[in-house]
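Those protein sequence lines, which keep their order, are chains A and B. Here numbering that gives the first Met the number 0 is used: position 184 in the first sequence is 183, and no number is missing along the way. Here numbering that gives the first Met the number 0 is used: position 7 in the second sequence is 6, and no number is missing along the way.
Check each hint, because a few of them may be wrong.
Note that identical chains are pooled: a pair holds if it fits in a single copy or bridges any two copies.
Below are the SDA-like pairs computed for lysine to any residue, each with C-alpha atoms no more than 20 Å apart in a straight line [unchecked claim]:
id, residue 1, residue 2
1, LYS173, ASP139
2, LYS30, SER201
3, LYS188, GLN210
4, LYS3, SER168
5, LYS22, LYS221
6, LYS220, GLU192
7, LYS173, GLN130
8, LYS144, ASP112
Because the hints were derived from the structure by calculation, they are not lab data.
Listed here are the chains, written in short residue letters.
2 protein chains.
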Amino acid sequence: MLSKTQLKYIQSLGHKKLRDDEKAFIAEGPKIVKEIINEVPGSVISVFALEEWINENRSWAGNIKFTPVTEAELDRISQLSAPNNVLAVVKKFNEPVIETTNKITLALDTIQDPGNMGTIIRTADWFGIEQVVCSDDSADMYNPKVVQATMGSIARVKVLYTDLEQWISGQQVKIYAASLEGKDIREIKKPAEGIILIGNESKGIRPQLLQKADERITIMKKGKAESLNAAVASGIILSHFT
Amino acid sequence: MLSKTQLKYIQSLGHKKLRDDEKAFIAEGPKIVKEIINEVPGSVISVFALEEWINENRSWAGNIKFTPVTEAELDRISQLSAPNNVLAVVKKFNEPVIETTNKITLALDTIQDPGNMGTIIRTADWFGIEQVVCSDDSADMYNPKVVQATMGSIARVKVLYTDLEQWISGQQVKIYAASLEGKDIREIKKPAEGIILIGNESKGIRPQLLQKADERITIMKKGKAESLNAAVASGIILSHFT
Numbered sequence: 000m001l002s003k004t005q006l007k008y009i010q011s012l013g014h015k016k017l018r019d020d021e022k023a024f025i026a027e028g029p030k031i032v033k034e035i036i037n038e039v040p041g042s043v044i045s046v047f048a049l050e051e052w053i054n055e056n057r058s059w060a061g062n063i064k065f066t067p068v069t070e071a072e073l074d075r076i077s078q079l080s081a082p083n084n085v086l087a088v089v090k091k092f093n094e095p096v097i098e099t100t101n102k103i104t105l106a107l108d109t110i111q112d113p114g115n116m117g118t119i120i121r122t123a124d125w126f127g128i129e130q131v132v133c134s135d136d137s138a139d140m141y142n143p144k145v146v147q148a149t150m151g152s153i154a155r156v157k158v159l160y161t162d163l164e165q166w167i168s169g170q171q172v173k174i175y176a177a178s179l180e181g182k183d184i185r186e187i188k189k190p191a192e193g194i195i196l197i198g199n200e201s202k203g204i205r206p207q208l209l210q211k212a213d214e215r216i217t218i219m220k221k222g223k224a225e226s227l228n229a230a231v232a233s234g235i236i237l238s239h240f241t
Numbered sequence: 000m001l002s003k004t005q006l007k008y009i010q011s012l013g014h015k016k017l018r019d020d021e022k023a024f025i026a027e028g029p030k031i032v033k034e035i036i037n038e039v040p041g042s043v044i045s046v047f048a049l050e051e052w053i054n055e056n057r058s059w060a061g062n063i064k065f066t067p068v069t070e071a072e073l074d075r076i077s078q079l080s081a082p083n084n085v086l087a088v089v090k091k092f093n094e095p096v097i098e099t100t101n102k103i104t105l106a107l108d109t110i111q112d113p114g115n116m117g118t119i120i121r122t123a124d125w126f127g128i129e130q131v132v133c134s135d136d137s138a139d140m141y142n143p144k145v146v147q148a149t150m151g152s153i154a155r156v157k158v159l160y161t162d163l164e165q166w167i168s169g170q171q172v173k174i175y176a177a178s179l180e181g182k183d184i185r186e187i188k189k190p191a192e193g194i195i196l197i198g199n200e201s202k203g204i205r206p207q208l209l210q211k212a213d214e215r216i217t218i219m220k221k222g223k224a225e226s227l228n229a230a231v232a233s234g235i236i237l238s239h240f241t
């Protein structure tokens, strides 16, 4: 049974300002909730789920608080078009420490679509990229659509939001900027370390960041589309760089 | 000025059944509308746009019928969260003839997310893939979200919906199935022809299709994500195959 206060609180977490105030976010669906419980112990504050799901999962989930809800209640708190058994309220993760030496790091300039942001985090996780640094104006990693699109990778990849221009100026490793013109990625020897910079969906990388790049890299076009989706481009570059 | 009949007709094209009945769909935004007008002459039935846009574009658009609308009217007919100057009603394209010899063809089994479907068509266009064959239960290419995600590539790439099992049985070229286990795509010599089969977002390729594949191919995983987004996977495979 869901109280009115709980209902209002969970719904409020759909908004960035309230997520920031409460330092909490929501995650939905068995796969994502389980991954967060397992990978970031202590972060899940409470779980709202159908009684059947609770009965099947309570045993392994430690002493997390479970609240049984009806399908109608889950419907009201869910951000999904098809609510999926369970919704967790989760503490925002600690701000990660990023260390770029001997690693490939992804840097995102103003990625705005939540689906793209989540898919990029998921793709980074597939290729073993442990850290993603985002400009402050990028889509919020705790937006429910981002969390959903990460498919659980949000629990494993470190994501930092910062003043990207300032941050990148302080880095010692080579900076590769994904661009419509540049060196064919297939001609670049897999680097042991470096920052791969990906730009906004329509505007690309802002000039102030682009001029800090050591090398512009590109995915060779053979057809007529003007550009590639930002998440697809990230995946293609990572498949060549890792 | 928009009539009530026009308003109702345009809104109805948001539904697949009515698109099928009317053999028409809607496309929005200057870029996509221009590309369809240029690449598929005769397909655009009528254009509804802000007066300013009409004044700037009427000269090059031939004898297409333009109806000026106010921002409030555009808002009511648009499927976008931020309506973008122009909406066109377009005749569905002729069913394409697909010829697989000496070409790379993409085949999609039950891709359900409209954003993925559109992004895959856009990615195919980037890599010069001219044709995509979809199982009948895949997301409709004329769904407004698909049209939007193609960013205009819908006007260039041939897309066929068919009984994929039956269609693939009749093909003579090699069939590569994207799978979580298989030969590393980097070890495959770029083929001059072949069909690349991509599966559903959560279930992958159905067994009846998978058994028709000549080779299973995979994108090597270095991290912990369970899977890749279908559009990202398509992009990575095409970047290695073309």
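Practice prompt. Indicate which option fits the pair LYS173, ASP139 if close means a Cα-Cα distance not exceeding 20 Å: within, between, both or neither.
Written response: Classified as neither; 27 Å inside a copy, 43 Å across copies.
Worksheet entry | Homo-oligomer pair classification [GLN130, LYS173; C-alpha up to 20 Å] | Answer is within: at 16 Å inside a copy they meet the 20 Å cutoff, but 39 Å across does not.
Worksheet entry | Homomeric proximity label, LYS30 with SER201: Cα distance no greater than 20 Å | between (32 Å within a copy, 12 Å between copies)
Worksheet item: Checking LYS220 and GLU192: alpha-carbon separation at most 20 Å within a copy, between copies, both or neither?
Response: between (26 Å within a copy, 18 Å between copies)
Worksheet item: Under a CA distance limit of 20 Å, which applies to LYS22 and LYS221: within one copy, between copies, both, or neither?
Response: neither (46 Å within a copy, 31 Å between copies)
Worksheet item: Can you tell me if LYS188 and GLN210 fall within 20 Å by alpha carbon in one copy, between copies, both or neither?
Response: Result: close neither inside a copy nor across copies, 22 Å intra and 37 Å inter.
Item to complete: Pop the pair LYS144 and ASP112 into one bin, within, between, both or neither, using alpha-carbon distances up to 20 Å.
Response: both (9 Å within a copy, 14 Å between copies)
Worksheet entry | Within, between, both or neither, where LYS3 and SER168 count as close if Cα-Cα is 20 Å or less | Neither, since 48 Å and 57 Å both go past 20 Å.
In terms of the numbered hints stated before, the structure departs from hints 1, 3, 4, 5, listed from lowest to highest.
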